[in-house]
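J.: Here are the chains, one letter per residue:
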Amino acid sequence: MKFWISMAVLGAAAFGLALSPVNEYFFYAAYVVLTYVVLATAWNILGGYAGYVNFGTPAFFGIGAYTAVLLFRWMQAPLALQIAAAALMGALLGFGVGMLTLRLRGIFFAIATVAVIFIMETLMINWRYVGGAQGLQLLRPDVTAPFATYTRMLFVLMVAMAIAGIAIARYIQDSWIGRGLRAVRDSEEAAEASGVPTLRLKLLACTVMGALMGAAGAPMPMYLSFIEPASTFNLSYTIGALGSAIIGGMSHWLGPIVGALLLGSLQQIITVTISGEVNVLIVGVLLVLFVVLAPQGLLGLVKRWLPFSR
Amino acid sequence: MIFSFDLLFEAILFGILLGCFYAAVSIGLSVSFGLLDVPHVAHPAIMVFGSYCTYIVAGWGLDPILSGVLLMPAFFVLGVLIYRFYYETFERRGADAAVRGLAFFFGLAFIIEVGLILGFGVDQRTVQAPYIGSSLALGEYRIPYRMLVAFGVALVLTLALTLYLSKTFTGRAIKAVAQDEPALRLMGANPVRIKQWAFGIATGVSALAGAMLIIIGPVEPALDRVYIGRTFCVVVLAGLGSMTGTLAAGLILGVAESLVLMFFGASWAPAVAFGLLLVVLGIRPQGLFGR
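Residue numbers (my numbering), protein chains in the order written: chain A, 927 to 1236; chain B, -3 to 287.
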């Protein structure tokens, strides 16, 4: 109950903020940070709970974005329909990749997800209808009341999506699904021998992850008014999602949120003040530092320093 | 799509040369991932780093291949250090190591890539040598000398490593670690020291592979990304740890990529390795010559 009240308060606060005369740039930056919250939360469902590393965040994110563009171009579909279709395509991709490789060891799944990024990118480069390699300019539809600008509306939308994603991750963590996934992570043989349906659970986790990532990608073309393969299928999404979960802590749904808020804000600041390259470098260095020195992430550090909290 | 037997022949010829090159750039990974089971996704990044080191050394007036050979001892030490670090921080702690080991190498690849961008910029770099830029005319076919040089070095490298692993005492010890580590431990050998040595060799070979990479074409920091697909495709298709398999798998990938390049265009070529990799993982994950 406490969770739902705080989420409702958060949602209401975001809505109020979008109607207030806060600087437009805030929403522009916050949208990207929120995207990382959704991506990291989704990544953690398979990566954190089950221990299967997904490098393919841009593939799932990108299939969502391109599904949205396709629907928009084809029949001027409303944003809600674009998101639903993107989630479906993301889920299908997750299920497909999972079917192909989740029976194998984790490293093969990880490499297969890298492969999916490049195959998707190549397909989109060669598909003229959605812009090909040059990309496609998109004309945003009119803003719906009560929002003053389109970015503000997307901001509220992304907050809602983040809340939905967090609720799903929290449900999975606390239910039998999460217990089964943790059993898979700790020892797959032992889990299988004790009657845990390991493959089915992994597939479920991979499908949910794909759906969330696909949904997170759907509003991106509208946000940028533009789509292009190289930046859509960029590996920086991989390192963003993976880095957020590891830096925040992978064992609890709160971890990826903390990580994404921190990392996302830091990236926004560094990209503006220093440069885009330094920003990626810092994320990489932070990732390696945490993985080596604080494998339980920030949550683990907090728990170690405050032994009596919980 | 224009089809003719001349083009087909040319594509296959080019594919064989390219395939040997792919085998050579994958052979280090075949040792580190195939035999030692280290999730070394930073292998292509280290190779590109080798290309940039070659670029610097060759800039002093040395031949690029000679530069690559001279860099090998330094890369050997680098490899020993990387493995030592990986072992102490991840492998020894067991259980959770898989996820964090992968994340570590991925982060390492990113750091190398961005470090190269900060150091050299995003521009492409090339080296100079007499055999770069000219080509051998064979009847109506023209084969660039740079391809032939890379082909030759690749062949020597692959054969040398295959012989080393099957004929020498240390080589056999490396294979023994891959087959049954606990047994080796029971016989009083130290598997960590053997693995450290093997990882050093795999990384040392990457220096020469990097030199070939910059001979065969211009190099840019982000080049490692597409080579993740090519190297892992070759190693998985070969069957983990099989050296002869690596050569065969490299040739298959080289010819496949060359055919796609010739008949469908350059924009489809990068997907060949990744597509082949997915197919192999789906149909025959133990590879062609798998154990």
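Fair warning: there could be bad hints in the mix.
To be verified - Here are a few chain A residues that face chain B, going by a calculated C-beta distance under 10 Å:
#, residue
1, Gly1032
2, Ala1041
3, Gln1099
Unchecked claim - Residues from chain A shown here face chain B by an in silico Cβ test under 10 Å; the list is partial:
#, residue
4, Ser932
5, Leu1161
6, Ile1196
7, Leu1215
Source of the hints: derived by calculation from the structure; they are not laboratory data.
Treat the numbers as computed from the prediction; the structure is a model and nothing was measured.
Virtual Cβ for every residue (Gly too), placed ideally from N, Cα, C.
J.: Each hint should be assessed against the structure and marked as holding or not.
T.: Evaluation of the provided hints:
For A/Gly1032, the shortest C-beta to C-beta distance to chain B is roughly 5 Å, which falls under 10 Å, so the interface hint holds. For A/Ala1041, the interface hint holds, since its Cβ comes within 10 Å of a Cβ in chain B; the closest pair sits about 4 Å apart. The beta carbon of A/Gln1099 is not positioned within 10 Å of any beta carbon in chain B (closest approach about 17 Å), and the interface hint is therefore violated. For A/Ser932, the interface hint is violated, the least distance from its beta-carbon to any beta-carbon of chain B being 30 Å, above 10 Å.
Hint status for A/Leu1161: holds, given a least beta-carbon distance of 7 Å to chain B, under 10 Å. At a threshold of 10 Å, the smallest CB-CB gap from A/Ile1196 to chain B is about 12 Å, leaving the interface hint violated. Hint status for A/Leu1215 relative to chain B: holds, with the closest Cβ pair at about 9 Å, below 10 Å.
Hint violations for this structure: numbers 3, 4 and 6, all remaining hints satisfied.
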